[in-house]
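Chemist: Listed below are the residues making up each chain.
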Amino acid sequence: MECQPIIEVKDLYVNFYTYAGIVKAIDGVSFKICRGETYCLVGETGCGKSVTARSLTRLVPPPGRIEKGVILYYPEPGGKPINIMELSEEELRKIRGSEISYVFQDPNTSLDPLYTIGYQIAETMHAHGTVASIKEGIRKAVHILKMVLMPDPETRVKNYPHELSGGMKQRAVIGTSLSNNPKLLIADEPTTALDATVQDQIMDLLRKLRRDRNLTILLITHNMGLVAEMCDRVAVMYAGRIVEEADVYELFNNPLHPYTKALLRAVPNPLKRVEKLESIPGTVPNLIYPPPGCRFHPRCPMVMEICREKRPPEINVKPGHRVACWLYAEKRGE
Amino acid sequence: MANLRRFIIRRLITFIPTLIGVTFIVFIIAAVIPANPARVWAGGQKASPQVIKKLEEEYHLKGNLLERYYWLIYKLFTNQIVSPRTHHYVWEDLAYRFPVTLQLTIIAFIYILLLGIPLGIVAALKRDSWIDTTIRILALIGVSTPVFWLAYLLIFLFFTQLHWITLAGTPVPPYSITGVPLIDALLKLDFKTLGQILSRYSLPGFILGFMGIGVTARIVRNSFLDAMSADFVEYAKARGLKKLRIYRHVLRNALVPVVTVLGLMFGGLLGGAPITERIFGLPGIGNYMLQSIYQYDYLALTGAVFFIALIYLTANLVVDILYAFIDPRVRY
Amino acid sequence: MEMAEEVYEKKILDKISDKVIDGIAWLMDKVRKGWKRRNKARIDEWKLMAYAFNRSPPGLIGFTLILIFLALAVIGPYIAPFSYDLPLTAFDSTAKLAPPGKVVTIKPGQLAEFLHVKPGNYTLLLGSDDYGRDLYSRILYGARVSLVVAILIMIVGPWIGIAIGLVAGYYGGKVDEALMRFTDIFLAFPGLILAIAFSAVFPDRIREFLAANPAVRDFLLALFALKPQHAGAMASLISVVVALWLVWWPGYARLTRGLVLSARENVYVEAARALGVPTRWILLRHIFPNILGPILVYLTLDFGGVILTEAGLSFLGLGAVPPIADWGRIINDGSAYFPNAWWLIFYPGLMILLTVLGFNLIGDTLRDVLDPKTRRSIEFKIKKKASGGK
Chain A
1 MECQPIIEVK DLYVNFYTYA GIVKAIDGVS FKICRGETYC LVGETGCGKS VTARSLTRLV
61 PPPGRIEKGV ILYYPEPGGK PINIMELSEE ELRKIRGSEI SYVFQDPNTS LDPLYTIGYQ
121 IAETMHAHGT VASIKEGIRK AVHILKMVLM PDPETRVKNY PHELSGGMKQ RAVIGTSLSN
181 NPKLLIADEP TTALDATVQD QIMDLLRKLR RDRNLTILLI THNMGLVAEM CDRVAVMYAG
241 RIVEEADVYE LFNNPLHPYT KALLRAVPNP LKRVEKLESI PGTVPNLIYP PPGCRFHPRC
301 PMVMEICREK RPPEINVKPG HRVACWLYAE KRGE
Chain B
1 MANLRRFIIR RLITFIPTLI GVTFIVFIIA AVIPANPARV WAGGQKASPQ VIKKLEEEYH
61 LKGNLLERYY WLIYKLFTNQ IVSPRTHHYV WEDLAYRFPV TLQLTIIAFI YILLLGIPLG
121 IVAALKRDSW IDTTIRILAL IGVSTPVFWL AYLLIFLFFT QLHWITLAGT PVPPYSITGV
181 PLIDALLKLD FKTLGQILSR YSLPGFILGF MGIGVTARIV RNSFLDAMSA DFVEYAKARG
241 LKKLRIYRHV LRNALVPVVT VLGLMFGGLL GGAPITERIF GLPGIGNYML QSIYQYDYLA
301 LTGAVFFIAL IYLTANLVVD ILYAFIDPRV RY
Chain C
1 MEMAEEVYEK KILDKISDKV IDGIAWLMDK VRKGWKRRNK ARIDEWKLMA YAFNRSPPGL
61 IGFTLILIFL ALAVIGPYIA PFSYDLPLTA FDSTAKLAPP GKVVTIKPGQ LAEFLHVKPG
121 NYTLLLGSDD YGRDLYSRIL YGARVSLVVA ILIMIVGPWI GIAIGLVAGY YGGKVDEALM
181 RFTDIFLAFP GLILAIAFSA VFPDRIREFL AANPAVRDFL LALFALKPQH AGAMASLISV
241 VVALWLVWWP GYARLTRGLV LSARENVYVE AARALGVPTR WILLRHIFPN ILGPILVYLT
301 LDFGGVILTE AGLSFLGLGA VPPIADWGRI INDGSAYFPN AWWLIFYPGL MILLTVLGFN
361 LIGDTLRDVL DPKTRRSIEF KIKKKASGGK
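Protein chains in written order, with my numbering: chain A, 1 to 334; chain B, 1 to 332; chain C, 1 to 390.
Source of the hints: derived by calculation from the structure; they are not laboratory data.
There's no promise every hint is true.
[Stated by the list, open to error] Partial list, computed: chain B residues near chain C (C-beta under 10 Å):
| no. | residue |
| --- | --- |
| 1 | T14 |
| 2 | V22 |
| 3 | F24 |
| 4 | V147 |
| 5 | F156 |
| 6 | L264 |
| 7 | A273 |
| 8 | R278 |
| 9 | G286 |
| 10 | Y294 |
| 11 | T302 |
| 12 | V305 |
| 13 | Y312 |
[As the list claims (entries may be wrong)] Simulated crosslink set (DSS-like; lysine-lysine; CA at most 27 Å straight-line):
| no. | chain 1 | residue 1 | chain 2 | residue 2 |
| --- | --- | --- | --- | --- |
| 14 | A | K94 | B | K237 |
| 15 | A | K310 | A | K10 |
| 16 | A | K158 | A | K140 |
| 17 | B | K242 | A | K94 |
| 18 | A | K135 | B | K237 |
| 19 | B | K242 | A | K135 |
| 20 | C | K227 | C | K107 |
| 21 | C | K96 | C | K107 |
| 22 | A | K158 | B | K242 |
| 23 | A | K158 | B | K243 |
| 24 | B | K237 | A | K68 |
| 25 | B | K75 | A | K80 |
| 26 | B | K243 | A | K140 |
| 27 | B | K243 | A | K135 |
| 28 | B | K62 | A | K140 |
| 29 | A | K135 | A | K94 |
In this text, a Cβ means the ideal position worked out from N, Cα and C, and glycines have one as well.
In isolation and in its complexed conformation, chain A is listed as follows:
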């Protein structure tokens, strides 16, 4: 199937200006999401997955700043792209929540505790002109809650967030995010804050919604099991860079980057039998003074001289499988 991009990120740099120094959180990230697929960003906590996702609609909170990069959004298949970086605040606002929607990690804090679920869904629709008034929105909110399989939606619509369980809250959040029929849903660790059984239910819901509504999903997670279950294509991030990107089968069967390999050895591999889980030696680098060259080199078992000095190029080993590692550059150079 040919890729019809919905969003395309080229050479993105994001810095955070903290008291301790400048954190180079995202350092030259490029990727593309195709229409209708589920694209995953995986990596350890603090590797820049969430910042990347938020950058897609320039939602990076201060003291963070997008330094440079191009973010192209394609509203129509094959149509002319919009450069998100050049939009005004108001134009951006119109895209957020109606074209590109988010679901954040913790449903307990995503909703304003002082307003009912129905009201918050209604105001999201009202903000984008989907409904003419908040009242009408609240009426429609019942249908939306039905869509996300909320039990007893007629009552729940009048409930405040604290009256719902975590899973129900996340359903409400998903419903709110989908209330304007967005084309791209960015789910940032949508189940991390939930109980294991509820996690499955929420993932089932996302799968069902994707099927029913032909949604494109960007899923951010650190859970390799979820990746295998949900994703079409995967990008592995480490310390603010994408180190490897491939289709999900290829990645699990033929990981190339030493970090990806280590990551797969550290979790139960759903596709392969792993004898023993191994942890990755060393710690995540400090991104105020990131290691020069390849950012993984201090922890890499296959480290070479060049890794310490020069940033590895991105190499397309196969169609749809790229890796940023000197190991493969050398092989090709030979």
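Given the coordinates of chain A, assemble chains B and C onto it according to the supplied hints.
Modeler: For chains B and C alone, coordinates are given in the frame of chain A:
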């Protein structure tokens, strides 16, 4: 709304025990500990035993404590207690002095609202700038200043040097609607009386509210910062809500702790009234309390405490109900 | 060059605070064997907090103010040129309400001998009051009185609340309910009003008590640096202390209860309970040390409040009575001569302001220092400097 009603009823049920608790504690300490109030009332060492005995009987100074407490509260409420010091009915004395204290508190409260809240919001919006630092330092100095000292400095400036204010009399207009001259003058749009009231009360009000301004500024700043950095604000942005609407979410959430603090502040102001009223010679309840204490008039003292407790607890009740209105989590 | 000097200066402060903390650790180790080894992480954290504190100008200003105040309170009565109740008008009639800088002559004679004053010319640095008492001397004595009153209040009042909070938080259920309702009654009322009501009724009883216990009386007189003939006046001062004990605890009860409730969720507490460790032991050994930090910050912040409140009560004439030189009382006495004798109000008030400001600055900084976020950035800066120096 059913939850809200239940909440209010439950809150009302705790109201009365607290009121009784406070006054009983004061009564016990005030009534039991002094040597012999009757002797003091009768004129000290030279008092004749007959007069003392008569006073003891009249004011129920002997006997079972619980019964004495009940007797006092009952008589206070039915306005049958005559203060041995002022020879007026205590309840009438208090009702007569109440408008003075109320006006003082209202004006102090206005200062807190008009200065404390904007300063706090500005500090939060300009976080970590020099404006924020200045406001923070001013707030810190504010809570460190002995208000009675500041009062004299300002009296020197505004009264002795500039002659902007008056320090005598309590302006009372010839008409009475609510009994509180400030409110009456406002209702009648009587600017002459209003001017008189302001020139008499504006400095005492400022002094009374002074410490609260700094405290409020600090709390408003912190609760605004908390609300602005809350996850739901980020999600509201991600939902593409308009700026004004996001501000509404921030404002309402920031307001929750502020309302509580302002409610408590009201009680704090009542507590500060004795000092302010003494300095400025205002005949309010605080001053009345002090006079009662100086003269061992524990009947009037308990009455005043009861009165203040009634106002304070009512204020708290109103705040709690208001709180339940803005924060559904409280209603449970 | 200037930069280097600044870094050097800070290094000295850090070294001093390291020494102090090591000293405390050494002492604790003496008292309880192996304490130092067991609490290594805690000691390091203290040091880090000290570095953070050393880098906060407001904190250092506050610390300096408090050091000065403490020094005055300790040595004030010894360096004061006159006693707090010496009427200089006895020697020089112009000493009445003398403005700052006025020179008073004390002629040699019987009177001077009788009052233990050295004859000579004295400059009244801050002026004098209506009895011709030297304001500078009275302020120095006042530092002692204010500090002792504040300490006496703080070593009892808050701890009533802390004890109640510990018990309520740990046992929960009916005990908690009962204790917290009781606390609510006190919280539901302005503390100052209660303190005013209480402080007025205690003096008689306290006077009787002091008369019956001369040892206590003499100890307190020495503590306050008062003359024996003013034991009666001291009773009113103690009365304020007792009154403030009775109103100064509810906030602490609330605070402690909340802290205990979150501390008892900790795994080690549950483990200790599962192992059958006695309750009292769990409370004192496992819970209390872990909630002490926030309580201490609150205590520091509160010290200023106590001093202000006591000064306010004295100003109302409820605490110190003449001739005791309490700062609030000096202002009360001087208010009759305002604005002509402005110094009688200005200087003691300034002392109160600076002292309370000192405590508040320290408390504010401590709160920042205890916040892990602020501390981390400082930790980082120090490390950067260390690596940059290599």
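Chemist: Can you confirm whether the C-alpha distance between K237(B) and K68(A) stays at or below 27 Å?
Modeler: holds (22 Å)
Chemist: Next item in the hint list is F156(B). Is there a CB on chain C closer than 10 Å to its CB?
Modeler: holds (5 Å)
Chemist: Against chain C, is V305(B) within 10 Å by beta-carbon distance?
Modeler: holds (6 Å)
Chemist: Answer holds if the nearest beta-carbon of chain C is closer than 10 Å to that of V22(B); otherwise answer violated.
Modeler: Given a least distance of 5 Å, the restraint on V22(B) holds.
Chemist: Assess, step by step, whether the Cα of K62(B) is no farther than 27 Å from the Cα of K140(A), and give holds or violated.
Modeler: Cα-Cα ~72 Å, so violated.
Chemist: Does the alpha-carbon distance linking K158(A) and K242(B) stay inside the 27 Å limit?
Modeler: The given pair, whose Cα atoms are some 23 Å apart, holds under the 27 Å limit.
Chemist: Report holds or violated for the interface hint on L264(B), using the least CB-CB distance to chain C and a cut-off of 10 Å.
Modeler: Holds. Min distance 9 Å.
Chemist: Against chain C, run the beta carbon of F24(B) and see if the smallest gap drops under 10 Å.
Modeler: holds (9 Å)
Chemist: Between the alpha carbons of K135(A) and K237(B), is the straight-line distance 27 Å or under?
Modeler: Distance of about 22 Å is within 27 Å: holds.
Chemist: Could you grab the alpha-carbon distance between K227(C) and K107(C) and see if it respects the 27 Å cut-off?
Modeler: With Cα atoms ~24 Å apart, K227(C) and K107(C) stay inside 27 Å; holds.
Chemist: Take a quick look at whether K242(B) and K94(A) sit within 27 Å of each other, Cα to Cα.
Modeler: holds (9 Å)
Chemist: CA of K158(A) to CA of K243(B), is that 27 Å or under?
Modeler: holds (25 Å)
Hints 25, 28 from the list above are not met by this structure, while the remaining hints are.
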